[in-house]
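**Student:** Listed below, chain by chain, are the residues.
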Amino acid sequence: NAGVTQTPKFQVLKTGQSMTLQCAQDMNHNSMYWYRQDPGMGLRLIYYSASEGTTDKGEVPNGYNVSRLNKREFSLRLESAAPSQTSVYFCASRKTFEKTSGQETQYFGPGTRLLVL
Amino acid sequence: GDSVTQMEGPVTLSEEAFLTINCTYTATGYPSLFWYVQYPGEGLQLLLKATKADDKGSNKGFEATYRKETTSFHLEKGSVQVSDSAVYFCALKSGGSYIPTFGRGTSLIVHP
Chain A
-10 NAGVTQTPKF QVLKTGQSMT LQCAQDMNHN SMYWYRQDPG MGLRLIYYSA SEGTTDKGEV
50 PNGYNVSRLN KREFSLRLES AAPSQTSVYF CASRKTFEKT SGQETQYFGP GTRLLVL
Chain B
63 GDSVTQMEGP VTLSEEAFLT INCTYTATGY PSLFWYVQYP GEGLQLLLKA TKADDKGSNK
123 GFEATYRKET TSFHLEKGSV QVSDSAVYFC ALKSGGSYIP TFGRGTSLIV HP
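So the sequences go chain by chain: A and B.
For the record, in the first sequence the residue sitting at position 25 is 14 according to my numbering, with numbers rising by one throughout.
Each number in my numbering corresponds to the 1-based position in the second sequence with 62 added.
Note that these hints are calculated values from the structure, not bench results.
The following label-pair restraints were derived from C-beta to C-beta distances:
(1) B/A79 - A/R66: 43 to 49 Å
(2) A/D15 - B/V144: 29 to 35 Å
(3) B/G158 - A/R33: 16 to 22 Å
(4) B/E131 - A/V1: 46 to 52 Å
(5) B/S120 - A/T4: 44 to 50 Å
(6) A/K(-2) - B/Y160: 27 to 33 Å
(7) A/E68 - B/E131: 48 to 54 Å
(8) B/E138 - A/M8: 40 to 46 Å
(9) B/P102 - A/T(-6): 18 to 24 Å
(10) B/E138 - A/P72: 37 to 43 Å
(11) A/K46 - B/G103: 27 to 33 Å
(12) B/Y101 - A/T43: 28 to 34 Å
(13) A/L106 - B/K130: 45 to 51 Å
Straight line, CA to CA, 27 Å or less: simulated BS3-like cross-link-like pairs of lysine-lysine:
(14) B/K122 - A/K84
(15) B/K118 - B/K130
(16) B/K130 - A/K88
(17) A/K84 - A/K46
(18) B/K114 - A/K84
(19) B/K118 - A/K88
(20) A/K(-2) - A/K46
(21) A/K46 - A/K3
(22) B/K139 - B/K114
(23) A/K46 - A/K60
(24) B/K139 - B/K122
(25) A/K84 - A/K60
(26) A/K88 - B/K114
(27) B/K118 - A/K84
(28) B/K118 - B/K139
Source: prediction; values computed, not measured.
Beta carbons are placed, not taken as given, at the ideal position from N, Cα and C, and that holds for glycine.
Assemble the whole structure, with the sequences as input and the hints as a guide.
**Tutor:** Structure follows, in structure tokens:
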């Protein structure tokens, strides 16, 4: 059971280049999330998907797009990378997307470390 | 809205010292509370959780008690090891929100 997987692990981009970060989970979870982690800022939610076919903006969506390709996969795209997008990106999943699902654990991938020059 | 406040780090301790990392929260209703740990170069993983008042979560020698009266969920360990060096995140999920709320994380550095 692989859990949540992310590719690539590391990436260096030049300003203006585009790329897609891939995420997949094999736990049959309905909800998936993309976060970025920066020093002193903790985790900030970029986008989330409550279920297959739906996506919504989080706290810091500008400069990003997402696709929930199917129940397993949730990708994050940077159309024109900027140095401010240098960060570590984490994908996460959770079984449901209900207000009453308080006890459910969120599962995280190992992260993608992105450097934009 | 929901919020989680953690003590700022880094917390630097010698091996076998006692650890406390403070966490307080504001939330709608009666949230579930979590501690996640992030080891260097890895993603977050669940360390322990508590789902109702006075519950104690425990794992790997770490403990935290859900204190409704003080809205706190402080993380403790009696004797830390070098291998406990990591970033610790307090989090909650309340009935008033669809999405978990995380604190900013507290870095723990344990010296031999």
